[in-house]
Structures are given as structure tokens and as C-alpha cells.
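Fit chain to chain and form the complex, with the hints in mind.
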Amino acid sequence: MQAGLLSTYQHPVRNRNGLAWALSALLMAFYLLLYFGKENYDAKDALTRYAHDPLNLLIVKLGWPTGDNGSLWVFNKWYLYAALYTLGMAIGGYFMLKKHGNSRYHRLRTYSLVSVQAILGFMLPIALDFAHRPAWYFSYFFPLKYDLFFPYNLDHMQATVAAWFIFGSFVGIPTLVYFKGKRAYCSWICGCGGLAETFGDPWRHLSSKSDRSWRIEQFSVYTVMFLAFAMLGMVLADGLSAPDSPIHGWANHYKEWYSLAIGAVFSGVLGTGLYPLMGTRVWCRFGCPMAAMLGLIQKFGRFRITAKKDMCISCGNCSTYCEMGIDVRAYAMAGKDIKRSSCVGCGMCAHVCPRGVLKLETSKDVGPHGEIQVWTLDL
Amino acid sequence: MPAANPAPHYVIIGNSIAGIEAAIAIRNRDRDARITVISGEHPHPYARVSLMYIFCGQLSLKDTQFYPEDLYDRMRFERIFERVTGVDVAGRRLALEGGRTVEYDKLLLAVGSVGRRLPWPGAYEADPAFLHHFVTLGDLRRLDAAAKPGMSVAVIGGGLIGVEAAEVLHLRGLKTHFLIREPFYFPVALDAAEANVVAEHIRHHGVDARTNAPVNGFRREGAKVVLEGPDLTVDLVVGAIGVEPATAFLRGSGVALNDQTGGVEVGDNLESTSAPGIFAAGDCAQVTWIDGSRRPEQLWYTARDQGRTAALAMLGDDVKYRRGTWYNSAKFFDVEYTTAGFIPYAAPKAGRAPAPTRAEDGWQTWYQRVPGSAVTQRIVVKDGSVKGFNALGTRWDHNVWMRWIHERRPLAWVLAHMNDARFDEEFIAPFAVLPSATLVNGA
Ligand SMILES: Cc1cc2nc3c(=O)[nH]c(=O)nc-3n(C[C@H](O)[C@H](O)[C@H](O)COP(=O)(O)OP(=O)(O)OC[C@H]3O[C@@H](n4cnc5c(N)ncnc54)[C@H](O)[C@@H]3O)c2cc1C
Ligand code: SF4
Ligand code: SF4
Ligand code: SF4
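Protein chains in written order, with the working numbering: chain Z, 903 to 1281; chain R, 25 to 467.
Keep in mind that a hint or two might mislead.
[What the hints assert, rightly or not] Derived pair list, reagent style DSS-like, types lysine-lysine, alpha-carbon separation capped at 30 Å:
id: 1; chain 1: Z; residue 1: Lys1001; chain 2: Z; residue 2: Lys1111
id: 2; chain 1: R; residue 1: Lys355; chain 2: Z; residue 2: Lys1238
id: 3; chain 1: Z; residue 1: Lys1000; chain 2: Z; residue 2: Lys1157
id: 4; chain 1: Z; residue 1: Lys1111; chain 2: R; residue 2: Lys86
id: 5; chain 1: R; residue 1: Lys248; chain 2: R; residue 2: Lys199
id: 6; chain 1: Z; residue 1: Lys1000; chain 2: R; residue 2: Lys199
id: 7; chain 1: Z; residue 1: Lys1238; chain 2: Z; residue 2: Lys1111
id: 8; chain 1: R; residue 1: Lys406; chain 2: R; residue 2: Lys355
id: 9; chain 1: R; residue 1: Lys172; chain 2: Z; residue 2: Lys1001
id: 10; chain 1: Z; residue 1: Lys1111; chain 2: R; residue 2: Lys355
id: 11; chain 1: R; residue 1: Lys355; chain 2: Z; residue 2: Lys1000
id: 12; chain 1: Z; residue 1: Lys1047; chain 2: Z; residue 2: Lys1111
id: 13; chain 1: Z; residue 1: Lys1211; chain 2: Z; residue 2: Lys1047
id: 14; chain 1: R; residue 1: Lys86; chain 2: Z; residue 2: Lys1211
id: 15; chain 1: Z; residue 1: Lys1211; chain 2: Z; residue 2: Lys1082
id: 16; chain 1: Z; residue 1: Lys1211; chain 2: R; residue 2: Lys406
id: 17; chain 1: Z; residue 1: Lys1238; chain 2: R; residue 2: Lys86
id: 18; chain 1: R; residue 1: Lys355; chain 2: Z; residue 2: Lys1001
id: 19; chain 1: Z; residue 1: Lys1238; chain 2: R; residue 2: Lys172
id: 20; chain 1: Z; residue 1: Lys1082; chain 2: Z; residue 2: Lys1001
id: 21; chain 1: Z; residue 1: Lys1000; chain 2: R; residue 2: Lys172
id: 22; chain 1: Z; residue 1: Lys1111; chain 2: Z; residue 2: Lys1000
Just so you know, these hints were derived from the structure itself, not from any lab.
This is chain R alone, in the form it adopts within the complex (with noise of 0.2 Å):
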């Protein structure tokens, strides 16, 4: 072998926002370098978000993809279409599914996630035909061939996912029932009373979604299902209770895997601690938050800024990846959901200690609903100034609502200027504080 390689190989796996924002990245700085980009998916990058478009005919595949048709061409980036099966960490090489090697230099790993699978014991052998997720591209195509107008179905856990599931079945004319474990939906990031609203938003346009519903278990009765536990019987099963990183093919290759989630252990560089010159980005990556604890950050928005500094760091530059102020935007149903800074977590989860806003630590909370409406503002308080807000019905400017937060900016303050943060299309009632506003102790 030459002892000097002009062109480092730099190999991504995952052609999604992670894998392509890197691989472009690369290719901004390096014009020579080789990037190959591997996906098992879909050969072009789209925008795994909108599969609930995909699904109800609001858009096409290809209207998700987000970048043109010819960006490969254009980067020269070569394309596997095809699944990558392990990895030979000290070899530094890939094994494909068909049987294939490739060799890199660098290597990003931006697998992304799928979706948790339910903690039946038993389900997904011999492949049942009424369980389905709705994360990857194969998900939505088995969902799509089997979910049938008039059929019912089971959508379980009370996340994005699964209200947007919950959705599109039920436009498609399912009797669709939304089981949520927790006392009221998406714990979270919604206190009760949002959530009740939320709720409440479901359920008239049709949905049967019920809290306090766990679901113990199943058992066949022909080709339905019982689910155990609110003793439902349906067609067909969406396992909607999150997602974890897509890393069981890395098991045992040496790149270390956290042991709860199964993401990559990163640097703050985005590079494996215990694999040198492999890196990862996205849903993948178990990362440092702004709170300190480490996790997989599964927002698109953040896999795209993981990405491009994996790729500076392959490139070998001194970067930290640094998760800013939190934010978030969703949709339930109509209902657009918008949040910025520390909303405390209004059912404490597992791994994770409650946050602690007590009214004697100097917490408080405002809240008001605009009456009969789906509009409500949310705004969470320490010692006089701002720490979060939380918005339901409106559309608002985290970034306006980030400076107030970063500028510790009093809550009488923040109400009078509420309307410069305001988003929403003209024509629409300006905020206004109402009587039935509360401010509470504690948060």
C-alpha cells in the first residue's frame, strides 16, 4: 500500500439528516475527499418526520426529500443503497448485508433509531401481522398495506409519535383507540391541565384515547387481539412507546453501546470513546445534555447540528458538540405545541430524578386558557425571572423566548412584551392577559 493516501475515505452510515448534513459538510471543506454514504432505507435523504403525510396522501415520498435529486451527483458522494450488517473496528471495515466489504478511513455512524418494541414476551416472533411501529419507511408500508377502513386499532404510548399515528389511522377511517400508561398524555412536557385540553381536542374529533391505560399484555382470538389490561380487542397494534438507537448490528464489534439505551458513547466531540476514528450523530449518539445527564437527543432539528459537527470533527478540528437552551415544537391533531427553556417534568420517569421546583426553592407557575379554546400559555418561574414556557393553540418564536430566558427577564416583564414573540399568521387576536390567569407556588 502507498504509504500516503491523498483522499481520506470518509464512509457515513445513514443517509438521513445526521449522515447526509455530515457528509455534506465534509464535502463543503474537503473538495477531494472520497464520502460514500450507506443507507438501508431509501437511497435519497426525506424527512422521516412527515411519514404521517406520507401515509394520509398529504404528501408524496418525494416531496419529503429535502434536498434536490441530484445532490449526489452534484457532492460526489458515492452511494450503498443496502444494509450495513457489522462493523471491524480494528479492521476498519464494513460488512454489507450482500455480502460485501467497504473500507474506511472515518466512519459517522447516524443510524438513527427504530422503534421500541414492546416488552411482550413473545410478540414479534413469526412476524404477526397486527403489530406494527411507525418510525422507518418499511413501517409505514406494512402499515399502509394492512390498516383498512373500518378496521380498529390500538395505538399505544402517549409521545409524538404516537398522536400522530393515532391521527392519520383514524382519518383513514379506523376506530382508533389511543392507550396511554400515564395518568394524562405526554407527561413529559405537558402539565395536567394542557394535557387535558390536548386530550380533549382527541377525543372530539373521534378518537378513543384513554389515560391510566397500560397494557399488561396480549392474546389472539382469531385474527384479532385482546390487549390485557383494558380488555380491548382490535385489528391491528401500533407500538408507539418510543424509540431507541438503531445499534444492534454494532453489539460486540468494540464500539461501546451504553448499556440503558443502547446509544454510542460519545466525546464531546462526537467521537466513540472506545473506537477512534469512528464517530456519531444523531438519534444514535448518547450525548451530554444541557442538564448534564447523557441520552440520545431524538429531534431532527439537533441530528442535523450533531451531524455537522461530527463532521468537522472527522475533519479533525477541536469542536464540542453543546446542546443549547431546549426547545421543541409538535402538533396534536390541529393543536400546535411550541415550548422553550425548563418545563419540569410533570411525571417523574425512570433514570430520571423529579426536578426539583419546589415553592420553597423560589418556583412558581403561570398559567391561563384562553375559555373554549384549545389556547393555552404556560410560563414557569424561578426567583422572579422566566425559565421556560409552554404553548398550546398559538404559534410562537422560541428564539425570542430563549433571549428572555437567557436575559432572566421578570414574568410581568415577559407578559407586557408576550406579543413580540408572537408567531401566528395576521389577523389573530393578540395575546392578552386574562382574568382567570393563575400564578401559582411551585412549578
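So here's chain Z without its partners, still in its complex pose (with noise of 0.2 Å):
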């Protein structure tokens, strides 16, 4: 048995009780304060105008260093968040592994994934706007990141930067994704998904496995894809419409929408804050135009899980700890290959198998352990 899971029914926060309810609750105000706080904070404004916003005084307290002026990027809130982000990825990172780091797969994707949220989500732009450049996180694309193609984006960003991300957006990660499955960005590059695989760990048994979560889920992530490309739709249209348009007003209203309803409260205080009560993939399973997208293209790529015929004793394991809701086991127990366009990859399912039923699998031919089922209606 996988001995890092001992208990995991027996544990204060695992178990959806009043612990996990208050640690939600928490997680969720943090995100409140983060998102509808303040937007940057001035060292002499700190403890006189701003006094009332905790995390103001948060920062003050922790003696979070202070530009020559006084007011520069070190009292912008999100290099706080990205300092606490990544540590919390890296302390989660590293329980991860003491439960599952005897498998070789879920070391290498882990480093990856905190190596990544370190580097680019952390130093580099920090770096960046001490050179006083501008700074971009270049391992976060569109539509995952909604407003990349915004004006207030476009009009600082050097030509290849821009070429980056559109390369990235559009061909880049399509195209890896095709190949290796969408795990090569949500399980190994991106720091939602890398948050979900080493802070979220503990929670992934929460995700419901039920059918009725399974359609919610294909409602909701398509819709939130088709709202984003819609954005960028209107986005465009406002750049090349002329400066009267009423375009511009529709488009402006849209963009604020949507940067409230999915960037913030979605992505931010659901998607995080609901991890202790319903697992720690909810924004990835319902909200993430980038996850609808990538599904779409694994579909028809060439990733699936490939299930041994005749193996499979039914245990539960795999299902249970699937944080994106698959029913792992209903598809081995009828000797199915699994090729679910939400499956982020993960490798747990396969990893949590007492009976070495499942694999991940990226070859091109079909290979000895029988037939790929290239395309099924069930996305």
C-alpha cells in the first residue's frame, strides 16, 4: 500500500470536517483581501491611510523591505503572493513526495513544477522589475491567463515577448499537448495545476466522482472557454474598431466582468478556497478555458491511459485519488483505455494502483497492450 496514504480518512483536515470547513474559510478570505484589497502599497501611506487592511499591515509587520522612494514594486501584493505561493508549493512539494516519491515520475513532474513556479512565476519577474524592465510570467498563456492580449499588456510588450506567448498560447503547448497529453502544462508547467499537485495533495480523494459532477463539469468548463475566446474576440475587435466605437465600451465592460467573476472569484477564492472541501482541481475541472481547450486537443491526441485487461480488482484506488473526478475504475474494470479530455495527467491513479492495472501512455502505435481508443463522445 502507497504508506503516505495511511489514514487519510482519519486525518483533522482531510476529512471534510469542521477543520477543513475553517481552513476553507480562511483560504477563501485570503483570496478576498488579495483580489479586492488594495492594488499596491506605499510605505508611508502603510500604517497611516491603509491601516485597517490586514494585509497591509501584514506586510508592514513582516518587514517586507521598502524601496529607496518608498512606494515601489516591493509593496506590490502580488510579489507577496508569489513569495507565499511558492513557498507554499514548495512545502506542499515536499510532503507530496515523502508520500509519493518512490515513484519516479511524480519526482521529476514535482521539481518540474516547482522549479517552474520558482523560477518564472517568482524570480524572473521579480528580476525583471528590478532592472526595470517589464515583467511577465512567461509559463502562464492564454486563455489560462485571460488577459495577456489586453491593451494595457500589448502596449508595453516587446516584440518577442509577444511572439512567445502567441507561439506558446496557440502552437507551442498544442502541439506538446497532442503528443505527450495535457499533463506536459497541468501536471509538469503550470503553477495553478502545480499549487492543486503539492499544497492541494492532501485533498484529492475530495473530488466527487459522481455523473452528476461530471456533467456540471462539461457544462461549466466549456462555457468558461467559450467565454474567454469570446473576450479575446471582442478584445480584438476593439483594437481594430475605431476609437468612438461603442465596441469599446462593451469590450471594457466584458473584460471587467470577466477578470471579477472567473479571474477572481472563480479561478482565485473558488478554485483554492473550496480545496479542503472539494479537492483540490476545481477550478481545473470546472472553470479552466485552458483545460477545456487542452482536453479538446488530448481527445484527439495521442495520450491515454491504457488499462491491463482482466487485472483489475475493482479496489477503488485509483477513482478515489483522481483530484480531476474520473471514474478511473469503472473504465478498468471493463478493460477500457482512458481518454477523458479533463485527465490532467497526474499519474496518481496509476501510481495508487495496487495491481499495476493502468498506464500512462504516449506511443504512437497501438503497441502490444492492445487497442487505443482514439475518440469517444465523452469528453
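Shown next, in the form of C-alpha cells:
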């Protein structure tokens, strides 16, 4: 058995009990403060004007360094957030590997996730800012990073950077996903997925496996994808239209609304806040437009989970520890390969299976293990 | 009574894998049939194989339910949650524990197993609190309530259930003694070298695994028990010396049971040889194995296949249950084990002749162990072509191995193609023939 999973159900915060609810409330409060608190904190103002803002007080109490003129990047709360985020991932990653580090796949992908976050999601943007250059998070692409092509970003984006993001969003990542599966992004690179896989690992078994939640997932995730692409269309139309066109106003309203409802509330407050209650991938499963897009590519691509025929003992470990709520066992019992668009290829189902029934595969040929079901209608 | 009953009443005793698969198979063919599923253990099918995971909190009982909770409604199964106490074969009637009776047109016995009782005279009288098994939910609940960290426990019997019980008891913090009667662990499937790898691994975890340690009896000393033989004093004893068909309630009913095993004697279509209209599937059925012997097959996936076959037979199809080539997998603490084909019994068991695997009959054994690890492979060869595989510590696709066996592939070809059968996670070193690999005559 997987010794690290021992007592999952007796653990004080892993069992949807009072403590888990409290933690969930705490996480949500943190994100509300982050998104709806003041944007930048001025050192001189800190103790006077915004004294009522707890995040501000925290920054001051922590002795977060101030810049020369007292109002520099250092008081940008997003850097504090990035620091906490990276720390959370590193600590979470350590505990995750204590449980599952006997698997090389989990070791490598956890190292990858944490280093991508530490370097591209934390150090590099700050370093760029230090050097008075525009700071970018090079590991986030459209449509996950929905404001990537908003005018306030495009206006000061260098051509090479723009090329990186356009190529990554529409060619690079999709191609990688076609050949290696959605996991290439969602379980090896993405910072959101990274937090889920590390900090969120203790709660992965809480995702619902019911048919109903699957139906809700299909509806909501493709809706958000549609909304994100509609927004891109609007932003482009806005850029191309005359300055006095009414599109301008609509686009602004739409952007504001999306940033609030999807960007802040869904992906942040709920996405992370619900970790202790609904499992770690609430956002990835029900909301992420990138997940929907890459999922469709995965569906036509090479990645699948092969199920060894007639060896499954229906034990339930795979389904229970699938953070995406996929009922892996149902496929394994039927001896059917799994090719679900939502699968983020975390590999946990294969890892916890006590009978070695499952294998993540991307080989082109069918191989000795049986046929690939190239595509079925269930997304 | 009306002459023709349009909807026959199928009654199935047992809602575990054999029973529920049979019920589903009947429903898939006959939309109108009345199907009643009876179980005395849990109202919903759950995976018995997961008892260890429930015990140690890795899974909840609900996680082990392998069909959605609305299965009975969707399939229109009538549910009876009660034990059956007897069968009236002539009257086609069952007696339930609560006194009710249930009439049937066709009956499936999918009653599975109970833990084999330890052969200690008087041990089970007055329901002793120290004595446990690890086969049913009832067993689990009793053991869960009794096993407290710091206690000492003896797990008796070196089989698959024993090793699982020993593992979870050890993880709970009990001082665990794993007592194996034979000279080495699990001789029905492992040889001495493989068994030593497993025993080393188990001991490394901190379990006191002892071989050549038969227990001859017990005596009580206050709240403790002294096991005679190893002369060991413990708080709890888990008897894991195998399972036997849960057919005690059928004794004398006219449903023929095998004298030795207690399994329901069935024909090739899984119908009782003595009581037409009554079928048996799963752990409780005395079926014919590929080697011609007749005994129950105590495996999850064969119980599923038997359930489906029995369903077709009950529907009137002309079917035969045929077990193909043997394969299995298990896990000894962290070490995974896969096998397929013919692996000789290293220690002949009562009632089973030792396998004729002498060198002069053309048998050979190829074996290697990756040094310093619990990774081994063994291939049994006859007249140059492969007959069976045993592997510890890595994952393999038994279907590929079985294909090679049926294709009578020569050993050299198989060794060159072994990586095609690998089923491990990515980034794991491929299979390679080591300089230390041996090929010896005899198997
Ligand atoms: C701890 C453990 C681990 C195992 N691990 C593995 C493994 O890794 N791989 C593998 O292949 N196999 C394994 N097995 C064996 C496997 O669980 C059995 O082969 C399988 O459960 C047999 O299924 P069945 O449907 O025949 O009967 P069972 O699962 O035994 O179910 C019997 C059913 O009959 C009901 N019943 C019995 N008597 C009555 C009665 N009088 N009245 C009403 N209902 C009754 C019970 O309530 C139950 O629903 C394991 C078994 C145990 C105990
Ligand atoms: S689903 Fe979206 S947020 Fe989650 S890991 Fe994938 S891209 Fe990132
Ligand atoms: S199906 Fe397996 S690999 Fe895919 S998300 Fe679920 S646990 Fe991870
Ligand atoms: S695939 Fe493996 S983990 Fe999943 S139910 Fe089957 S045996 Fe258990």
C-alpha cells in the first residue's frame, strides 16, 4: 500500500470536518483580500491611510523591504502573493514527495512544477522589475492568462515576448499536448496545477466522482472556454475599431466582468478556497478555459491511460485519488483505455493502483497492450 | 396458480462481484425479469479486496463500492439485506434469518467465502475476543475495534490475506508477528529465492516474519494468549490460513457440496450437479481448472467471469465456464507481484501432486534479481519455450506474457522482447538481462 495515504480518512483536515471548513474559509478570505484589497501599498501610506487593511499591516509587520522612494514594486502585493505561493508549493511538494516520491514520475514532475514556479513565476518577474524592465510570467498562456492580450499588456509588450506568448498559446503548448497529453502543461508546468499537485495534494480524494458532477463539469468548463475566446474576439474587435465605436465600452465591461467573476472569484477564491472541501482541482476541472481547450486536443492526441485487461480488482484506489473526479475504476473494470479530456495526467491513478493495471502512454503505435480508442464522445 | 408466469423470478444470494455481475448480465438480456439480490453483509456491493485499505484509512467503505449507489434502482433489482439460513430445493424456497421465505424460479449461489477457522479445539467456543479473521466486513469491524497501537498480534498463515493483514496491523502500530508454517513465504507461487526477497522486505518494514513456524495450539494467560510452537505471547491472533466456501447453510439441503472443500459441485455450465435450477459462481463454486483439477477459484476477476457465465446459463443459454491460462497479481507491502502461466508449486500441498517439472522432462528455470532491490524475474521453460512468468517489484502486462506462452516463444526471443510486456510508470529503467542471470535445469 501507499504508506503516505495511511489514515487519509482519519486525518484532522482531510475529511471535510470542521477544521477543513475553517481552513477553506481562511483560504477564501485570503483570496478576497488579495483580489479586492488595495492594489499597491505605499510605504508612507502604509500605517496611516490603509491601516485598516490587514494585508497591508501584514506586509509592514513582516518587514517586507521598501524601495528607495517608499513606493516601489516591493509593496506590490502580487509579489508577496508569488512568494507565499512558491513557498506553499515547495512545502507542499516536500510532503507530496514524502508520500509518493517512491515514483520517479512523481519526483520529476514535482521538481518541474516547483522550479517553473520558483523561476518563471517568482524570481524572473521580480528580477525583471528590478532591472526596470516589464515583468512577465512566461509560463502562463492564453486562455488561462486571460488578460495576456489586453491593451494594457500589449501596449508595452516587446515583439519577442509577444511572439513567445502567441506561439506558446496557440502552437507550442497545443502541439506538446497533442503528442504528450494535457499533463505536459497541467501536471508539469502550470502554476495553478502546481499548487494543486503540491499544497493541495492532501485533498485530492475529495473530488466528486458522480455522473452529475461530470455533467456539470462538461457544461461549465466549455462555457468558460467560450467566454474566454469571446473576450479575445472582443478585445481584437475593439483594437481594430474606431475610437468612438460602442465596442470599446462593451469590451471594457466584458473584461471587467470576466476578470471579476472568472479571474478572481472562480479561479482564486473558489478554486483554491474549496481545496479542503471539494478537492484540489475545482478550478482546473470546472472552470479553466485552458483545460477545456487542451482537453479537446488531448482527446484527439496520443495520450491515453491503458488499462490492463482482466486484472482490476475494483478496489477503488484509482478513482478515489483521481483529483479530476474521473471514475477510473469504471474503465479499468471494463478493460477500456481511458481517454478523457479532463485527465491532467497526474499519474496518481496508475501510481496508487495496487495491481499495476494502469499505464500512461503516448506511443504512436498501438503497442503490445491492445487497441487505443482514438476517440469517444464523452469529453 | 396461473400456468405461465411471464416474468421468471431470479434470486441471487450474494451481492459481491459474482452475484452482482450475474444480476446485471440477466437484466441486460431480460428487461422484464424479476431479479432479487440478497446479501447479509452490506446492502451495496463493495470490494472485499479493499478490506486492508478501509482498515488503515486509505479508502472509505463507500470508495470501495464499485457501482454507483443507484445501481439497484436503475437495474430494478429487489434488495433483501438479510442472511439466508436454508434452501428448500424441492419447494424452490429460501428461508431468511428473520423468518420470511422467498420463492425463486432460478437461484444463484454467489455466497463467497469465510475465513478458514484455525484447527484449535475449543478456540471458537464462547466467541473469544482475541481471535480474528480478515475476510468479511464483520471481521473488519471486530478487528478494527480490537486492534490498538502498542498491542501485539500474531498473523497466522503465509498467504495473500495474511500479508495484507500483517501490513495494516503493523502500520497501525501493533507489534506484528507473521507466522508462516512453510519453510518460506507463499510457496504456492514463489520459490525460495523470491520468497526471501519478500521476507527481507517485510522484515525491513519492522514486521517479525517467521518461517518454519507452525502453531500447534494456544493457551490463555490472563488477557493474553500464548501460541504453542513459536511460544509467543500476544494480545490478538488473526487466522489467515485460507478461506472456505460459505456454504454451511446448504448442508443437508440436497445441493451437493464437495466433501473436502465445501464448494458447490457444479457442471461446466455452473449448474448444481444435484439440484437443477440452482447455479453457483465465484468463491463458493467447485469448478474445473485448466490443469483438470476441481476446486474453488478464489479470485476477484474469475468470480466476475463465473457470475456472467452463470447468468447466461440461468437464462437458458448453452454456455460453459472455461478458465484460461492462470495469471494473478498481488502486492506484498510495497512489492508488486505479477504472474502468468505455469509456475510449479515449490512446496507440494496436501491433495495436490507435486508438478512434474524434472530436468529430464525438459524443464528449465531462468532467474535474475536486480542486486540490492526487490526486483526479480523468473521464467519457467519447457523444451525451449516459455511456460510461465513470475515477477516481483516491477509491473508487467500478463496478457502479453500469456500470448507468448500460447505462441510457444523460445526463451531467447522472450528475453529480447521483455520490454514489450513492461507496464511500469514512465522513466523507469528498462528490463535488461543481467550478467548474474541464471538458467538452471528443472523447474
Ligand atoms: C482480504 C482479501 C483480499 C483479497 N485480495 C484479492 C486480490 O488481490 N485479488 C483477487 O483476485 N482476489 C482477492 N481476494 C479474493 C476475492 O475477494 C474473492 O475471490 C471474491 O470476493 C469472491 O467474490 P464472490 O462474489 O464469489 O463472493 P464474496 O465476495 O465472498 O461475497 C459473498 C457474498 O455473499 C453474501 N452471503 C454469503 N452467505 C450468505 C448468506 N447465507 N445469506 C445472504 N448472503 C450471504 C455475502 O453477504 C456477500 O455479499 C481477496 C479476499 C480477501 C478476503
Ligand atoms: S487546468 Fe488550467 S489551471 Fe489547471 S493546470 Fe491546467 S492549465 Fe493550469
Ligand atoms: S485519470 Fe489518473 S492521470 Fe488522469 S487526472 Fe485522474 S488520477 Fe490523474
Ligand atoms: S485499476 Fe487498480 S486501483 Fe483502480 S480499481 Fe482496479 S485495481 Fe484498484
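Holds or violated: Z:Lys1111 to R:Lys86, with C-alpha atoms at most 30 Å apart: holds, 12 Å
What's the verdict on R:Lys172 and Z:Lys1001, does the C-alpha distance respect the 30 Å limit or exceed it? holds, 24 Å
Straight-line Cα separation of R:Lys355 and Z:Lys1238 no greater than 30 Å? Roughly 23 Å separates the two Cα atoms, so the pair holds.
Pair hint outcome, R:Lys248 versus R:Lys199 [Cα-Cα no greater than 30 Å]: With Cα atoms ~14 Å apart, R:Lys248 and R:Lys199 stay inside 30 Å; holds.
Holds or violated: Z:Lys1000 with R:Lys199, Cα cutoff 30 Å? Distance ~24 Å between Z:Lys1000 and R:Lys199 Cα, so the pair holds.
Would you check the hint for Z:Lys1211 and Z:Lys1047, treating anything up to 30 Å between C-alpha atoms as holding? With a Cα-Cα distance of about 40 Å, the restraint between Z:Lys1211 and Z:Lys1047 is violated, given a limit of 30 Å.
Between the alpha carbons of Z:Lys1082 and Z:Lys1001, is the straight-line distance 30 Å or under? Holds - the C-alpha atoms of Z:Lys1001 and Z:Lys1082 are around 25 Å apart, at most 30 Å.
Verify the proposed pairing of Z:Lys1111 with Z:Lys1000, using a straight-line Cα cut of 30 Å. holds, 26 Å
Taking only the CA atoms, is the gap from Z:Lys1047 to Z:Lys1111 under or equal to 30 Å? With Cα atoms ~28 Å apart, Z:Lys1047 and Z:Lys1111 stay inside 30 Å; holds.
Keeping to a limit of 30 Å between CA atoms, is the pair of R:Lys406 and R:Lys355 held or broken? Holds. R:Lys406 to R:Lys355 sits at ~28 Å (cutoff 30 Å).
Restraint check for Z:Lys1238 with R:Lys172, where alpha carbons must lie at most 30 Å apart: violated, 41 Å
Given the proposed pairing of Z:Lys1111 with R:Lys355, does the C-alpha separation stay at or below 30 Å? holds, 26 Å
Hint compliance for this structure: hints 3, 13 and 19 are not met, and every other hint is.
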